[in-house]
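So the protein sequences, as listed, match chains A and B.
Per the numbering used here, the first sequence starts with residue 6, numbered consecutively.
Per the numbering used here, the second sequence starts with residue 6, numbered consecutively.
It is possible that part of the hints are untrue.
Unchecked claim - Which bits of chain A does chain B cover? Going by a derived footprint, with three or more residues having C-beta under 8 angstroms, they are:
no., region
1, 25-38
2, 51-64
3, 93-106
4, 171-183
5, 213-223
What the hints assert, rightly or not - Computed from the model, here is a short list of chain B residues facing chain A with C-beta under 7 angstroms:
no., residue
6, L69
7, V72
8, P162
Think of the hints as simulated: they come from the structure by calculation, not from any bench.
By construction, the Cβ of each residue, glycine as well, lies at the ideal position given by its N, Cα and C atoms.
There are 2 protein chains.
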Amino acid sequence: MGLNTCGKLFGVGVGPGDPELLTLKAKRVLESVDCIAVPRTAEDRDSTALTIVSAVLVLDKPVLDLVFPMTFDKTALGEGWKTALSELLKTLRQGLDVAFVTLGDPTIYSTYMYLHRTIVEAGIEAEIVPGVTSFCASAARAGISLAENRETLAVVPSAYECAHLDSILDSFDNVVLMKVARHLETVRETLRRHDLEENTVLVSLCGQKGELVETRLEAVREKKLSYFTTLIVKKGRTL
Amino acid sequence: MGLNTCGKLFGVGVGPGDPELLTLKAKRVLESVDCIAVPRTAEDRDSTALTIVSAVLVLDKPVLDLVFPMTFDKTALGEGWKTALSELLKTLRQGLDVAFVTLGDPTIYSTYMYLHRTIVEAGIEAEIVPGVTSFCASAARAGISLAENRETLAVVPSAYECAHLDSILDSFDNVVLMKVARHLETVRETLRRHDLEENTVLVSLCGQKGELVETRLEAVREKKLSYFTTLIVKKGRTL
């Protein structure tokens, strides 16, 4: 089957939560496609990305639910992707354009990129539509910069067994720690060891219901934290 | 003068170049304010941020030109800021709302944050409206991710005398090198030393006229490069 008969895939970043942080392009693409593909972590779970999209446009087109188990287990992930990919391919090969919605930006810790590579390798057109990242929006809500002048910025994912975290905190001016919710106590210990607790702000559910911006980490109860919680460490500034 | 009689300052990220990468919120704020403040590096230079804004909305309101010399010289910068700040304060104290437009996102290497802090300290309301960063848009154009799963991401500014660059390239999975234009040969040498030239993509003028996406660094002529040139290094992948 040639390129011309297939639809096109768009990986659309919808921003971190506030529907107004969608870009004009994201809105146009979502309005123009035939179908919206939505990643879910479980079949009965709400999709935050879809909630954002629904706030901005009328969903008068089919929604393709793709279930990605939230796990690092390769077999479970492999099964999830295989199913998701085959549904996506089927839709694209019907000649339908599909927008896969993803929180924040598709190039930053998004499941989308796996699909993107596979779809491109299958000879089908795919385009990434960038979005506002959660860490930029979080810094904006906290009223601070992520980097100025000659400062460096490190972005570290939720894997806090990360052997380099100590050296990153030593050598970088600003550090973003993503998805800290389940690791807050461990991370606080590390920050304390580096005397950086006073230089840290926690932002949870940025732009969403229940948003929290807190510089006093001791006031935050780990158990109540959303998965969407980020810490920003600024070496040069008490927060 | 109290808070109520002053206007409000918005630091608005307009994205890296493509006017469609403006957010819905940025557009609404730009439409609603009384005045748009535009940073310029010299009085006769065009403002890229204003060009982006003009493409999306009718500029039927006053534009306040603020000149910031493009230099690390503190005296020259100090004079520029002093003048810019006093013009901005005058406008806000007239009760006018002002949107200061900035390329990309205001929290990432933007002049805006200095103004933000000073305005907030003066007891005037200020809000940061996040935008799409140039590095996210560049990765999107190159069709690659900036970070996946447990990968780390480092963002390094144009100061390539940076003593840590070698250790950053050693320890990070993905590295963004901002504003490389004048330093391309030095940076290429460093990349070659780390055997990373084949893992690097150069993106220049992302989403603007004259855009360039190039994985063969040897094909790029340094002299012709725009100031808005970024390198993305992906340790785990040949590009």
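(request) Could you tell me which of the hints above the structure violates, numbers in ascending order? (result) Hints 2, 3, 5, 6 and 7 are the ones this structure does not satisfy, whereas the remaining hints hold.
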